[in-house]
Each structure stands twice: as C-alpha cells, then as structure tokens.
Amino acid sequence: MKNIAFGQYYPAHSPLHAMDARMKVILSVLYIVAAFLCKNVLAFGALLVSAAVLLILSRIPARIVLRSLRPLFFIMLFTAVLNLFFATGTSVLVSFWRITIYVEGVYSAVFMLVRIIVLIFGTSIFLTYTTTPIALTDAIESLLSPLRLIRFPAHEFAMMMSIALRFIPTLMEETSKIMNAQKARGVDFSSGGLVKRAKALVPILIPLIVSSVRRADELAMAMECRCYRGGKGRTKMKVSHLRIGDFAALACMIAFGATLLYLNHRGIGYTM
Amino acid sequence: MMKEPFIHTKDLCYSYSDENGLQQPVLRGITLDIAKGEYVAILGHNGSGKSTLAKLFNMILEPDSGELFVAGQDLTSPTLTEDDFYALRRQVGMVFQNPDNQLVATIVEDDVAFGPENLGVPSAEIRARVDAALATVGMTSYARHEPHRLSGGQKQRVAIAGILAMEPNCIILDEATAMLDPSGRKEVIETVEALNREKGITVLSITHYMNEAARADRVIVIDDGVVIMDGTPREVFADPARLLAAGLDVPQCTSLVHALRAEGVALEGDPVTVEECADLICRALEVI
Ligand SMILES: Nc1ncnc2c1ncn2[C@@H]1O[C@H](COP(=O)(O)OP(=O)(O)O)[C@@H](O)[C@H]1O
Ligand SMILES: [Mg+2]
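Sequences listed follow chains A and B, in order. Heads up: the first sequence begins at 1 in the working numbering, then just goes up one per residue. Heads up: the second sequence begins at 1 in the working numbering, then just goes up one per residue.
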C-alpha cells in the first residue's frame, strides 16, 4: 500500500539522475510532442529506439519501468482493439462475418500502442524514476514562477504538492489503523454488494477527514512558528543550476523532433 | 546575581471567544519572570491554559491585557510590525505534541532547512546550519531519510533540529514527550537538557510527567489560568496536597517518602529524583 505512484524514485547514478529537474520537465513535455509528431513506420521506429536509448541512459532495470505499464494495460488493449476493428482504409486484410479488418487498421493499432507505451516510458523515466518528488515540486515551482505576473500562486501550488507528498504515507498508515479499529468493532469491509461496501467506508472516511483537518490546523501553526510567510523572501538550501549537459540534452531532443519530421516525409507503407 | 529576564509577564490575561461570541477567560493574570538560560517545567492539568501561555510567548496569540516582554521586546506595544513577529518566532522555537504534524518536508534535512529557508538565509549557510543542527541532536546519519520511517523520539529530535537551525534563544516544548514511548521520551529530554547546559538555551517544558519536571531548575504550576506554585522542584513537590488539589500527580518518590513519613518512618529532606530517594531510604535503614 505504501508504494503508490509516488514512492517510485529509483536511486542510481546516471546522466538522467544528474540532470536539472526543470530541464527534465521541459524534455518530457517535448518528448510528448515528439510522440505525437510521428506519422509512419520509420518515425515510430525511431521513437521506439529513442525510448530504448532513454532506458539505457537512465540505468534503471527494464523490468521496473515495464511495471509502470501494467496499470494502463486495459487502456492500451482497448485502444488497440478499437483501432484494429474500426479504422477503415482501402486494402482489406481479412473479412469475416460482418467485420472487415484493413491493413491500415493494423498499422494504426500498432502505432497507437507504440505511442502510448513510449509516452508512459518517457514521462516516467524523466519525471518519476530519475527525479525525487521534492526536486520535481521545486522544478514545477521554478517553471511556474513567471506566471506570478498574472498572480498565479506558484509557490503555494508547489508547497501544497510537497505537503501532500509528505502526508500521503502518514494518512495511509492512519487509514489502516482506522480500518483495523473498525474491523475490531465488527465492521465488515470485504463482503456484500457494492452499496454495502461503499457504506462500510463511511466509518473510515469520517474519522480520517476529522483527523486530517486537525493535522492541517496543527501543521499550519507549526509552520507559522517556523517563520513561514509564503514564498516572499524565501531562500532554498538546495539550489540546482542548469549546466551545459542540460542544454546539450535539450539540443538532442530538438534534433530528435526534426528527425521525426524528416522521416515522416520519407515514408514507406501507411501514413497516419 | 540577578540576570535580565528573558520572559517577563505581569497580570497577563487572555480569553478565547466561544461560538456565542462570549469571552472565555483562560489566563487570569499570570505573573512570571524567566531568566536567560533557565530550564523551567510548567505543570498544570488539561485545560489549565499552558498551551495558551506558550502561544503568547511567540506571538501566535496576542494578550488581552497585562505586561509581556520576551527577549527585550514589548509584545503589547502597538508599534510591533510583522517583521518583529518573525524575529521573535526565530528566537522562541516551539516543539508540539504530535511529531507527525510538525514536519513539513519529505526528507529529514529538507525539513530542518525549512526554518532558515523561511528566514532568507543564504544557501551555503543553511547547509552548514542544517548539518550542525542534525549533529547536535544526533540525527546526522538520518539526514536523507523520510520522516515517516523514523520513530517518535527521532521525529521529535528532527523537529528540535529544525528549530536549532533558526538559532533560537529559547525552546518551548508543549507536551513534546506525551506521545512517545519511554525510550523516545528519554532521547528527547536528554537532547533538550544538553542544549540547555551546553548552549545556554532557555527551555520551557510543558509536561505531564513529574519525573521530567523534577529534572528542571524550576517548576511552575498553573491552575485555572493563574500561577499557584513557583519554585525549585524540591520546594514544589514538598507540598503534595496542593499539587493534588490542582489536579496533578506527585512524583512517585515524593509520594513514597510522604507515605513512609505518615507511617512514622523518620526521613530527612525532600528527594525529587529516584537516586536521591533511594539514598535517603538506605540511610534511614542504616539508622534502624
Ligand atoms: N482555539 C481555541 N478556541 C477556544 N477555546 C480554546 C482554544 N484553545 C484552547 N481553548 C480553551 O482554552 C482552555 C485552555 O486551553 P489550553 O491552553 O490548550 O490548555 P492546556 O494546554 O493547559 O491543556 C481550554 O479550556 C480550552 O478549551
Ligand atoms: Mg496543551
């Protein structure tokens, strides 16, 4: 229960781990754009190769990154099936009963699948496996800070995220304590229909909400006692600096995008 | 030698307004002087106003009436600015009861850095302060751990480090040991005592544990918003009847000595620690 989405940072020494978190956020946005640029077999092939290169650069075991695909398995299957059966085209591959599968359908199913896999791979390598949550929130704060001009509360937003990250494990622990306490009082969480099970959650949620409100109150006071007064005049212990390597990575990403655009025109086979 | 008091209050009053807008007086005229470098325990039953008093000392709450000086600042002065508040809170750090609800960051060292970051201290100096503070509380090897994986005593030590990194003159512990197991309690008390002895930091420890209070230089008992007893642990614990009337316990050794005396055993003096008590009883046995 402890390792949902957040505890996935994989400590290692790699160029990607060493990269400035702000650059990693930018690169992952660009990588998403790149994945949507691809239009034909060559471009998608290059995209797959790039995902493999990222994986090697990150020095994270492939099976660990592959695990991040599991929760999205059904979405992937659904997308592939939808494309396979409903894409229309000119060259029929097989036709049976009332279903016709076109060659184009096969292409687009495979393309969509590759796109989803690469998107998950790319963003999780850049943002979750090689970047600590705290570095990520700092990066988001820094990248959003120009928006302060239009009064967007960049610092508050990042502070909220990092406090949420801090308290997720605490609240998980508390949830399991409350569940055990309610089980000891005879509440049954694991039988009955949907409505009955949903009702059984009420005695968990109410104490959890009450205690969260109290925690928030105490935390706010503790923060005030430690001189917290928002982002104004605040410094940071850990300041990260953009280095030449970070800009080189940006240049590589842009070159990669340009290559994809070029490959789109050298197309063989089906073009999306 | 009369030292300049770090905290001075005279007839200090405070009331909360309840949901009907009525004033509920909580502090009804507190008069105290606490010297620099003193180690003071504050006792009082639940709801007697101890936490409220502590919150007045670092300007979380503002007094209704009376005098209040902390670190040479008049806290009732109408000319105080927001900057003065923060300057005061830097000097008077607070450790609260629930260790989970006062740690802000996901990594121990980042949490310790939170205070100095808020104060706008330059990065390199924050690093130095954080390392020094963690070393002082003996948590250096946990610098990169996640707070939720630490024990209660360790979390409280991190909270103390977070305050030390602001370079305070005074630390207020508001029942900081109440949620800890005996070993965690010992860790925290020993840390705080060392700070008081070695760095001369003024310590106000609000507690329910008489054995903790017995280790302080001075004990103040608050009942119903007024100070009813104020003196060395020996003086305060010499009067168990008044402590019981204020809804408090008496340290085990004190009640043992009083019970023995009531049975006609001749015992001299008022021991406050277990060792003193054992010595006293041994001496009495030798006489017999
Ligand atoms: N925020 C508040 N609003 C209203 N009443 C409060 C508030 N905080 C405390 N009180 C009341 O003030 C009294 C003293 O509280 P407190 O200072 O927390 O006592 P102690 O710390 O000695 O247990 C209690 O009766 C409590 O109900
Ligand atoms: Mg209290």
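Hints are supplied without guarantee of correctness; some may be wrong.
[What the hints assert, rightly or not] Here are the computed distance ranges between Cβ atoms for each label pair:
#, chain 1, residue 1, chain 2, residue 2, range
1, B, Thr140, A, His241, 48 to 58 Å
2, A, His241, B, Ser17, 46 to 56 Å
3, B, Arg149, A, Ser91, 54 to 64 Å
4, B, Ala178, A, Ala251, 20 to 30 Å
5, B, Arg149, A, His241, 56 to 66 Å
Just so you know, the hints here were simulated from the structure itself, not pulled from any lab data. In this text the structure is predicted, and so the values were computed from the model without any measurement. From the three backbone atoms N, C-alpha and C, an ideal C-beta is built for every residue, glycine too.
*Return holds or violated for the Cβ distance of Arg149 (chain B) and His241 (chain A) against the range 56 to 66 Å.*
30 Å, violated
*Do Arg149 (chain B) and Ser91 (chain A) keep their Cβ atoms within the hinted range of 54 to 64 Å?*
With a Cβ separation near 59 Å, Arg149 (chain B) and Ser91 (chain A) satisfy 54 to 64 Å, so the hint holds.
_Quick check: does the Cβ-Cβ distance between Ala178 (chain B) and Ala251 (chain A) fall within 20 to 30 Å?_
58 Å, violated
*With respect to the beta-carbon atoms only, verify the hint that His241 (chain A) and Ser17 (chain B) lie 46 to 56 Å apart.*
51 Å, holds
*Taking the CB of Thr140 (chain B) and the CB of His241 (chain A), does the distance hold inside 48 to 58 Å?*
26 Å, violated
Checked against the numbered hints given earlier, this structure breaks hints 1, 4, 5; the rest are met.
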